[in-house]
Amino acid sequence: MATNLTESGMEKMPYKEVNDDVVRTMTHSGKGYYIALALSISVAVLAWGLPWAYQIFTGQGVTGLHSPVYWGIYLANFIFWIGISHSGTLLSAILFITQTPWRRSIYRSAEAMTFFSVLTAAIFVFVHMGRPWNFYWTIPYPNQRQLWLNFQSPLMFDVFAISAYMTSSMIFLYFGSIPDLAAVRDRVTGWRKSLYTWLALGWRGTDAEWHWLSKAYTFFAVFIIPLAVSVHSIVSWDFALSKVPGLNKTIFAPYFVVGAIYSGSAGIVTLMVILRKTLKIEKYITLNHFDKLGILLLVMSLLWSYINFLEVFTGWYADTSFENESLIYRMLTPPFAYMFWLMIFTNTFMPLLLIFRKVRSSIIISLIISLGINVGMWIERYLIIVTSLPRKFLPYAWHDYFPSWVELSITVGSFAFFSMLFLLFVKFWPSLSIYEIKEDIGIPMQKEKGH
Amino acid sequence: MRAVLGLFTYVDALLEAAGRLKDSGYGVTIFSPIPLGHEIEHTLGGRKNHIRYFAFFGAVIGFIFGVLLTLGTAAMYVLPRGGKPIFSITPTLLISYETAILFGVLISFIGFCIFARLPYYGKKIYDDKVGVDSFGLLVDNIRDNKIGDVENILKEYGADEVKRVEEK
Amino acid sequence: MDGIFKRILERLRAYRVPGYYEKFDHKWTMVVDLDRCNGCEACVTACYAENNIPVVGKEQINNSRQMSWIRIERYVDGEYPNVKVKFIPIMCQHCSKAPCETACPVYATYHNQDGLNVQVYNRCVGTFTCATYCPYDVRRFNWFTYKWDKPLDEQLTPDVTVREMGVMEKCTFCIQRIRAAKDRAKDEERTLKDGDVIPACAQSCPTGALSFGDLQDPNSMVSKLAKSPRRYRLLEELNTEPSVIYLKRIMDNGDESH
Amino acid sequence: MKRRDFLKFIGVGGAGAGLGFIFGRAQKPPGAKLIPYLIPPEDIIPGAASWYATLCTECGAGCGVLVKIMEERAKKIEGNPLHPVNKGGLCSRGQAALQALYNPDRIKGPLKRRGARGSADFVEVSWDEALDVLGQKLGELKKTGFAEKLWFLTAPLSGHRLKLLTTFMSAHSSPNLVQYELFQHRELAYANQTTMGIEEIPHYDIANTNYMLSFGADFSGTWLSPVNFSRGYGEMRQGRHRKNRGRLVQIEPRLSLTGANADEWVPVRPGSEAILALSIAYTMVERGYYRGGDASAWRSLLSSYRPSEAALATDISAEKIEELSKKFAGSKPALAIAGDGALSYTSGVSCAAAVNILNHLAGSIGVKGGMLINSGGLLGKERIDFKKGIGSLLDAANSSKVDALILYNTNPLYTTPKAANAKESLNKIPFIVSLSGFIDETTAMADLVLPAHHPLEDWGDGFASPSVGYPVTTVMQPMVSPVNNTRGFGDIFLALASKMGGGVKERLKSDSFEDYLKSGWKELYNRNRGLSAGTLGFEDFWKKMLANGGWWREAEPKRQAAVSLKGAKQMLPSRPAVFEGNEKEYPFYLVLYPHHGFGDGRHANLPWMQELPDPMTSVTWGSCLEVNPKTASGLGIKEGDFVEVESPFGSITLQAYLYPGIRPDMVAVAIGQGHTHFGRYAKDRGVNPIDILPYKEDPRTGSVALNSTRVKLVHMGTGEKLAKTEGVTRELGRNIVQTITSEEFKKMGKEVI
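Residue numbers (this note's numbering), protein chains in the order written: chain Y, 1 to 451; chain R, 1001 to 1168; chain F, 2001 to 2258; chain P, 3001 to 3753.
Just so you know, these hints were derived from the structure itself, not from any lab. Quick reminder that beta carbons are idealized off the backbone N, C-alpha and C, glycines included. It is possible that part of the hints are untrue.
Below, a sample of chain F positions facing chain P; criterion: calculated Cβ distance under 8 angstroms [said to hold, decoys possible]:
hint : residue
1    : GLU2050
2    : ALA2181
3    : THR2207
4    : PRO2218
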């Protein structure tokens, strides 16, 4: 270790400083934090809670949906948030198995992002329902209605996939942070102490506990990767199993999984930039992290662009009136044409800049590119649904779709809801993994013999 | 019986002390803020990994639960739909795949709690400094007369602090 | 305990065959003779009267939320003066391989013993999947709980439920008339004969374009009409196997019309 | 609290901020009332339905219907399968009759005017008080010797209701009973009378014809008897007993619903249909297809309609005329008909005569598949009094010869152009009584409103005109007990007669219209052997007739008729119909047609009719201006843009609809919308195109011409979306409506059945 940089590019510091920094991020919250929290809670309630209550009481008619476009912006949001959630799986599980060093300081908040975006997505399932007060009919429990559920329906696959994914990502997040909760438990007082004592399950850091933790953690990592891939292909099968000309394509499962990982990584880059600035943890998330994330984004953007081109190409190649109409509607008729080309610009051309190291290691440009990708990916989900459903088989029944104010305000509300959850997470949970960073710094040895 | 807790800053010193004490018959537990899996294995010998079986059986049980749920309910209330067979393979496999992973995760988490005997909120021997930067070595079931030798060994290997703790 | 396993095993063997459920009691079929249909929309109003379909008002029609279970589609090709107008009445096709049935998570729509694609209103949770999967766009949704101004609700028939908001609905081939005809046949101890059941639209059609009957009964009018060389089915290439059979319209492609 | 409401409260609705909102909104629905029958009336079995036969009065066709009654509420109207006019079928307006019965805007009881006339400010009065006021007013008129100053304006009536009314008016010694309606087919009756000497409108046997020339007749939509003609159209196309498929040629400037189903569309210039028909007739005589004795006389009579000259006037090529006449003469039996589209010009009656000439030359009068002559109904012939149209009433009112006017089932202020300033004339009438069930434009001017029953609550009968070759009578019986405090049409006059006493009272002695009807029928029963055959006395006959819905007996129509040369000579038009407004300033013809769902505007207050998409434009809840896409692009008009349509007599503004099936030099608007009163569904919705027409009454027939002005279009700018249900009407090669050519169909040979 000639230079005093750790493998992941952080410069070494004593263990104690790591503990202090993490506890500082949790206990000291500046005025800015409270303003942000208050803002996000109020926007979440006003932009999501009230319009939703209004929609429940007046009926789904307040949205812009109609025949033949029965799925609209709610489904686009649902897929967008499920897509963002695959970032956690990628960062913490896949990179954990491949032992990449630079994941150590960012995987915890990535997992948190997974869990919160799955939560937001799950709530969208209820928002888009026609009669949400009967939601419990979609849960397979023994009942006296002499009726079980149609397990051949893609919607039932969704119910299972999302609930499995939500529980396993929650366990994955909680399980990985038990040692940190114990470390924080020893440093805080008052109600926080009783909270973390309860949460840390009496962890003492004995070698036996560490042994079982690392073993179980490997299994979780192994389990959650195929689950994430299956969740997003199931979400894509809601559309691919239909007979709508724009949606009925076999490329949809890989297309959605790649799109998910792509938008997830972009989400992580955005989050890391914001987290780094607000929590003043520049020491831990260094430019090397952004460099590596940049490469990841570049790879994913090329993969996504290939599959997107493939989807359009197969549609065009079939040359049936059904496919052509939905392509023309998506690529050439305003206002969808503007959104389509904006998406192509932000998702394909802008990330090509990440080839240059200078771009990758500049925080501002990475932020702009990742925000562009987030916007682009939302537009992609929105376009998939909203430009293929109005152009189904019978031209007489074609009607265009534009979201109403209720839908738009609920979309804004969902972003506020996500940021509210994240702001609470930062204060109630160690957002950096203390023991992983210490491991990264290295084990204090008396004699400098090679390991 | 009595117990002694020694706090070290350097891991190699601690491991040597632990090896020596273990050879002379004392029960040794090592506290550390970071997982020392490999180092401990070299000196004190590795442990078997029982979580494997939990994960495997959890997945199998989950798979069976999924199959039973889909096919069993279809058999109980026969409602034909869309010309599809009542027992169709693909949806069953899909749902069993999901439940397999779900049960796998849940049962291996339960397995971890069993082996680490974790959710235990009673009083146990513990020192706050272990969570930050020092490494603890707890030696227990020492007969009263041997207390002195154990403490000397610990100091000999450079323990920063040696404390007698009550066995609870 | 072995009773249950024996039942499941026995069903396992029986249900594996995809076509297990060919043994429906009836194969209700609607034959639409497009050469007779003149697009006068008497069937649309008859359906409104028979099935308590709500009137949604101008603003909802602007949002394309009309609730009619049967609609007359009009395709106008050619420029003035060689304008060719074609009408086609489209209602739920009651497909025997219905994409909507497999999609509904709560069995709100399934293929019942009558061979009809049944829509169960009180089970519907409103996930819209069936309407998205239907290639014929014939499903209608109750966007609001629609009101009937005071004495107009006297006209609501008790045979058909009035749907509340959040429920999907579609043409049911006047299932209340099928049930009533079956009851009458049972009271008179005879099996259903052709012409017992006639939906409101077929009954009111002035040109006799719509005829309805059971395809499984060989000497019914529909099975004779179904053998006509002019028969075709809408969007047959999607192999949903619809049970509405259209008879081609005779139209000279207008070259010698002027 | 039901479980579902509980779930809505507790959590699904979102955070507490929303809860206040939730509590405010959720009230429980009012408890529904059970049926408290201790001793249920004999035919009320809760849950079981019974069907009663009656007459549909929504348009003049007079189809027989069955009404499904459950727990004393009318649930559904279906066609009466036994009735010879509609044989079980029914049009959408017939289905919607229930909505008029249970309409929320029906007048609840007799009203007396309180505010200024026309303000529709009424006060409820009791029946006795209202009848006293009317009886006293009529008695006063009779005493002062001005009995003839009582006018009665009604829609065409038939059967015993007309008989009662004529006896009442003659007892009151006033000859001024005016039967007037916008689409009353006066031109047809007049042309038949002058050319063939028969009054009834003949039965057009479409089911058996091989080749049909339809001049502006939208017979599957709104003309004459749509259900009967649609049944005929269905048989003509795919009748089981037919050897080959009939052909339909539609000759009209704007493609109507019938035109859309035709094999050919001949877009003739508006107003020149008569010239085209006569030039076809001339070519038939010229080419020798007509071998009648008086061929030379016909040739000289029709000499001025050579195809070469006619081509200029009608904008149809001479070869086309030759081809049409060759086909028309060649395929026996052929049939030519003239509908409202071709007859409502200033000299529209000439086209009806021209069509009679065509049928005569083709030898299809009185022949199966042609024009079958109807004989008069049981109560003798109903003669249309051509002298008594709306014009006669307005002139009398202007010269203050009218002291009291009674209105029934008619809305002249809506159906007459503003140019006739009917409102001022009505204002001159001191005392106006309306028997309408709704407050429409004319009833708003009334001083006294005596709401008559809706036909489904009332007794009566009707003699179908046009009938189906043999006389058909349909009986109207009350389906449900009256919904509001209204009285039967006959009962009002019987009560009035007993109140006024004197001559009127002896002439109308029976105490209720049901007895009057029954005694009338008893007379008929005793007079005609045909009725009494196979019945055990009058009561049994009466029961059977009520069960079947009427009385008719199949008979081969044997009456013959022929077009006389002299009669035809008077009717020949010298030039196409004249249009007001000069060509340069008002470049476009304005053609009006009855809306598919509203007829002449009488059904605009039915929600089902407002929501029924128009068959050719799919526009609902409003009006639209149909304009040719090329003309529209020339003026920069896109769909949904507001366009001001200005004629020399007024202007209306409505949204444009690009309609390929219309001539570029004309625009078309449907009649039916644009009501200023008439209930919540019809009020202030769309525009009434009749307002901007000139008041051109044809002196011979007394009917107002609808296609009689030119207009200019002013593009007002983009409005909001047009409320229509169609998406894209191009088929894009997706084979949705698959077609085969007639040769392929012939090769298919006899179909299986």
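> In ascending order, which of the hints set out earlier in this document are inconsistent with the structure?
Replying inline: 2 and 4
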